[in-house]
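**Student:** Each chain, letter by letter, is given below.
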Amino acid sequence: MKFTEEHEWLLLDGDIATVGITAHAAEALGDLVFIELPEVGETVSKDDAIVVIESVKAASDILAPLDGEIVEVNEALVDGPTEVNEDPLGNGWIFKIKVADASDMENMMEEAAYNAFIA
Amino acid sequence: MTDLLKTALTELHQELGAKLVPFAGYEMPVQYPMGVLGEHNHTRTEAGLFDVSHMGQVILRPKNGTLRDAALALETLIPQDVADLEEDRQRYGFFTNDTGGILDDLMFANRGDHLFLVVNAACKEQDIAHMQAHLSDVCELTVITDRALIALQGPKAEAALETLIPGVAAMKFMDVLTASYNGAEFWISRSGYTGEDGYEISLPNSVAEDFTRALLNHEDVAPIGIGARDSLRLEGGLCLYGNDIDETTSPIEAALIWAIQKVRRTDGARAGGFPGAEQILDHITNGAERKRVGLRPDGRAPMRAGTVIFADETTTTPLGTVTSGGFGPTVGGPISMAYLTKSSAAKDTTVFAEVRGKRMPAIVCALPFTPANFKR
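Going down the list, the sequences are from chains A and B.
My numbering numbers the first residue of the first sequence as 1 and each following residue consecutively.
My numbering numbers the first residue of the second sequence as 1 and each following residue consecutively.
Since the hints were made in silico from the structure, they are not lab data.
Fair warning: there could be bad hints in the mix.
Stated by the list, open to error - Below, in silico cross-link-like pairs of lysine to aspartate or glutamate (EDC-like), each with a Cα-Cα straight-line distance of 16 angstroms or less:
#	chain 1	residue 1	chain 2	residue 2
1	B	Lys358	A	Glu72
2	A	Lys46	A	Asp67
3	A	Lys57	B	Asp230
4	B	Lys19	A	Asp67
5	A	Lys46	A	Asp13
6	B	Lys342	B	Glu289
7	A	Lys98	A	Glu86
8	B	Lys63	B	Glu158
9	A	Lys2	A	Asp15
Unchecked claim - In silico contact screen, one side only, chain A against chain B (beta carbon under 7 angstroms); selected entries:
#	residue
10	Glu27
11	Ala28
12	Phe34
13	Leu37
14	Glu39
15	Val56
Heads up, the beta-carbon is just placed ideally off N, CA and C, and yes, glycines get one too.
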């Protein structure tokens, strides 16, 4: 699992990365009440705002962590967005992206580096 | 956060694992480990304990000993019936300005030989100066600084408080009671700001922590932060000063006409005589151009404060603006309060809110969003 400075995690399987937000981000946001997911088939570029999440406190964007194509979204979050708070690294995954260039992930942080980043 | 004020309960909040944030100059708990949604639901189904000690507590005592004279003096600043308020009863009111806007909203109680007022934290300095300037000929004004204020709200509040202070169960909504607990004097009212039954309790700082711990020891009582306080009062259709009412909103626009008793309206025995009376009484007679209403967004995206409302998907002239909005846990969806033009404020009107560049439909609805559970 890799981590970004935008508090997202990525788990690569072949050329498909599952993406979610970290436990630290979920904790800081508070209980999620709304999520707007991207369209499956959408081609996105790194740093595009592709997901809107709203917590009890505020609205935030989730940015595409790298270039690629959205191949699956976690529809269960539409009716149950608090899954992101309850299991951010598991059932609270948000979308899967077909990665255009897997070397984009090489500069991302490992867990230990991310933990140091947020400490 | 060095300049932030603390309440008598700040250390207890920390011990309970609260996340503290700056709020109206105080360091206040926004949430506890239960989280905002859980705290909201706990208050609706069990009993929630709130520290509202940041609010201003003020006593107005008549210099001549005649309470009615203090009441009539206060009536020069607020459009409520103070003089006829019975002993041990409380009422909701608001200070108005010369243009008919609202300077602050407040609770006031007749406590026999004096009036007891609770005002908003962010406005209290200004309210106190306002009263000193206009009431000091008739009233001795005392700002209470040695007492905490807590609220216990929810369907289990009565049973929980009765175990510590026998007699409170017999109180009705807006009744006021003086009670004693371990020798300390408590000033209790059956009121609150969540839409639930419950109590607001003024108690000496010296016993505040002990008493709060005793309440929290009750299995049904949990501490609740200002995050859930906001979603609870929004579902209850209750105004947040600074968001839903301010110096530019008349009480009639704000749909608070119910809080102006007939005796202060045109043809009443003590009609007018408060700041902005001409404007406010005209709004009562002729109606206002805009009105505070409830909105139920279609879909799940919350429409928050500042969101602009339009009649359809293309027009450029707005109908109004959202003043409070978010997710209503009990409603199970997004809810907002907005000011809309008179012609668009009728129940069941479909309007469009611009959220992140997209026009999203919403339906105008009656307030509150959740029925009030007061003990009348």
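**Student:** Please list, smallest to largest, the hint numbers that this structure does not respect.
**Tutor:** Hint check: 1, 4, 5, 7, 8, 10, 11, 13, 14 fail, others pass.
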